[in-house]
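**Q** The lines below spell out each chain.
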Amino acid sequence: MKDLLREALDAALGAGATYADARGGEYLSEALSVRGPTVESLDRTESIGFGVRVLAEGAWGFASSAVLTSDEAKHLGATAVEVAKASATAINERVELVPEPVHVAEWSSPVVRDPFDIPLEDKVSLLAGATESMERNEAVRVGRGTMDFIRQRTAFLSSEGSDITQTVVHSGAGIEATSVRDGEVQTRSYPGSFRGHFAAAGYELVESMDLAGHADRIADEAVALLSAPECPSTVTTVVLDGHQVMLQVHESVGHPTELDRVLGMEAAFAGTSFVGIPDLNGLRYGSDRMNITADATIPGGLGSYAFDDEGVEGQRVDLVKEGILVGFQSSRETAARMGADRSNGTMRAEGWEHFPLIRMTNINLLPGEGSLEDLLADVDDGIYMSTNKSWSIDDKRKNFQFGCEIAWEIKNGKLGRMLKDPRYTGITPVFWGGLDAVAGKDEWQVWGTPNCGKGQPGQTMRVGHGTAPARFRNVSTGTAQ
Amino acid sequence: MSVLSRSGLPLDHDDARRAAQGVLDFPGSEGVEVVVSASSSGITRYANSQIIQNTVRNEIRATVRVVTGDRSASATTTQLDEEHLVMAAGRALEAAKASLPDPDFPGLPTPGDVGRPEPVMRVDEATGATPPAARAEAVGRILAATGSDNTAGIYETGVHSYGVFSSAGIDCFDAFSRCNTTCLVDLGGATGWGEASSYAAAEVDEEAAALRARRKAERSHNAMDVDSGTYQVVLEPPAVAALVDYLAYMGFGAKQMIEGESFFSTRRGEKVAADSITITDDVRHPASVGIGFDFEGVPKQRVAVIDGGEATHPVTDLRTARKLGVPATGHFSGSNEFGPYPFNVVMEAGDTELDELIGGVDDGILVTRFHYVNILDRPATLLTGMTRDGTFRISKGEVAEPVHNFRFAQSVLDALSSVQAVGREVVSIAPDYSSFGSTVAPALRVGKFHFASTTSH
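Chains A and B, in that order, give the protein sequences.
Per the working numbering, the very first residue in the first sequence carries number 1; after that it's consecutive.
Per the working numbering, the very first residue in the second sequence carries number 1001; after that it's consecutive.
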């Protein structure tokens, strides 16, 4: 692959590129879905190809192909320059890149048990044990279990001399039970919704979940939700579990602090941001309990890596410190536009065929102190919500409505009745201003979100979020009808 | 710059068939199906009134499904040579053997069972061969038309080929081209939107879309706060398309009905919308962009899912059709986990001009488009989302002052039940996240539409 990348780089430079990088990838994935006693789908995918990104006449061009020949490499390099020169006819500001040291490196994410070495029969058997158990509950309509494994080997060469090879393995699994009665549908999942929990790890992650051991509980809860009272529409104290805090961080902090959004580059599709560069080091984003980092260096996150897809070292940076906005997620281009010295290394592409974009690394709400029980103990009257179910937020990431699978009343510091269809709404800085406690390190976990969408053509990225349960005061719950 | 064959396609029928035939008799299998797709596309993104990203992609993909007994599994590769296809077939066979008995597996279809599809072949060669310079020129025309220093959007062209081949005799091929443009104009926080899409670039008037966006932005200055609540609304085609797409996702597939998650599960045969509402899946509608068969090679039927307001038929694939005891409509999505899906939804046009739709509103809201729609309650078809890029008060039949954006919380079927008039013009909307499929929608005047809250812009 690297020979092709070199040929593509040489062709691009020969055609007039002032900067070029070439990225090749071999992606292997396996997706398994079991429903009750039946394998619903079992798909294995390999994707091999390469792309060339160039700057010429101050503008970007990119071309990609799955044809792995020397002629195609030369053609791609020249094509990317042709595209860049076309771009240059409609620019009013030349692209400048902040400097980055040259890196020559190899890196692999840690894996104990390579998921692609595990017999398929074992994976099917593990899931079927859980799904059959769920469907033994006669009130459960669908018991479904999924596993997903991805191994990506990427090679990156740049005209500045960087030469980076990385191998990343991501694994994920989960189960969900769906109950139906009189046109009403309720779902419970474990360890998280939307295909479960993901991490940069091997099959050991799946084994640690004990999916079968949680099957009966979530089946029972899915059925019990059908008879539970609705979550009330009120203003109250809300405690969110770590999974829902993950979604809250993702939507209302992760996306608004992406510098391409801040600079208007995603305006027509994903939207912009309610924060701007002048807000840096001044805007109060939330209470002083709010500390958020973007950290590609922690082990095990879906946003953990040594180098991003433009060859910048993965880093740990503060985004919000004691409630004040102090940083953005940046690229070499956007860092230059805001006058920073260095990109903080967040450019990633879904595959070899994509132009890299600013994507969340692991966006983390740093832990506070105490346990979930401690958070609940300080609530006389409130609601505890668990496991994300739905999300919607406006184009500036300000007005949001999020929903969870299940909730319980909190009365005098203890959990009470189960509640169904819990939802809450808020305005981002007002909501985070109500944060008055985050649970401690023992409750803190790096969750994985495998389905973050952005860009045109659309790219789906796997990102991480370290979170613990957190408590928010004066939250509007329910859905105004 | 072109990788297109003499046919003007990234892959023609003969090449696709030749690649697939190498594995149709794969040793150890009892049946093999190969779905081949190829595309050649370019997308030019602009923001802050300049081109910011510009990409050219040439992609090939082959998915090999292998059958052994009542078990099957699939493997996909991006390499179309025999070595990689044989490896894919081997991986699929290994996976199928590791699978569990599947008593609902319908087997691979034969042409005798399902017929042979007529290709749609809505291909415009010039669109498929559009060079980067021509896309940049189109963006230049858009920027000139808006005259703004803060315009953003895309101009995209491409051509896409699909073939399905099987050891059971399926041999079908189709292709389409597409040109799609979007335009957002931001005049200091006052935003407007325009878009256009067709199989042929010559039919896409990007300057007209840009001017629509500019006019809406100009009218959006000094937006007012308006109370949330239930309003009579006029929804323009992009807003209608967003609702209809989610309605189809939530409930038009037979699998969702069988599993009890669709409105069809409890309301089939009932009136679920106004008499004026007919929603079909119809790839052969003049404004649709797609192919004439599904990913099992079954000919795609026109299905009136909601016909004159009545919930009639969900779309099916072979598996769900067998369960329901009905013929397959040709809507296999490519995923057994998801089941059948309508990729070419069409809401039929009415007979009312947009001005008349607005003219019939004494006090209401005009919505240009929605943003970040998501599901709150699937069987109830309850959605939430935001308005965006042109939300106005309608007063005494005229578009009046701009208003701050709303968050809505609304059952789609309840909204469609209160439709008072349907627009005469239908618009083709390209999907956000894929090059496959289209949604065709008119504007609507809706009697009751609920906005739950407002935002500050």
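Keep in mind that a hint or two might mislead.
As the list claims (entries may be wrong) - One-sided and incomplete, this derived list gives chain B residues near chain A with beta-carbon spacing under 8 Å:
no., residue
1, Ala-1073
2, Leu-1100
3, Leu-1143
4, Ile-1154
5, Ala-1190
6, His-1221
7, Tyr-1246
8, Ser-1333
9, Gly-1359
10, Gly-1385
11, Glu-1401
12, Val-1403
13, Asn-1405
14, Ser-1453
Simulated from the structure, these hints should not be mistaken for lab results.
All C-beta atoms in this analysis are idealised placements derived from N, C-alpha and C, irrespective of residue type, glycine included.
**Q** Could you run down the list of hints and mark each one as holding or not?
**A** Checked hints:
| no. | hint | verdict |
| --- | --- | --- |
| 1 | Ala-1073 | holds, 4 Å |
| 2 | Leu-1100 | holds, 5 Å |
| 3 | Leu-1143 | holds, 6 Å |
| 4 | Ile-1154 | holds, 5 Å |
| 5 | Ala-1190 | violated, 13 Å |
| 6 | His-1221 | violated, 17 Å |
| 7 | Tyr-1246 | violated, 11 Å |
| 8 | Ser-1333 | violated, 11 Å |
| 9 | Gly-1359 | violated, 29 Å |
| 10 | Gly-1385 | holds, 6 Å |
| 11 | Glu-1401 | violated, 20 Å |
| 12 | Val-1403 | violated, 14 Å |
| 13 | Asn-1405 | holds, 6 Å |
| 14 | Ser-1453 | holds, 6 Å |
Hint compliance for this structure: hints 5, 6, 7, 8, 9, 11, 12 are not met, and every other hint is.
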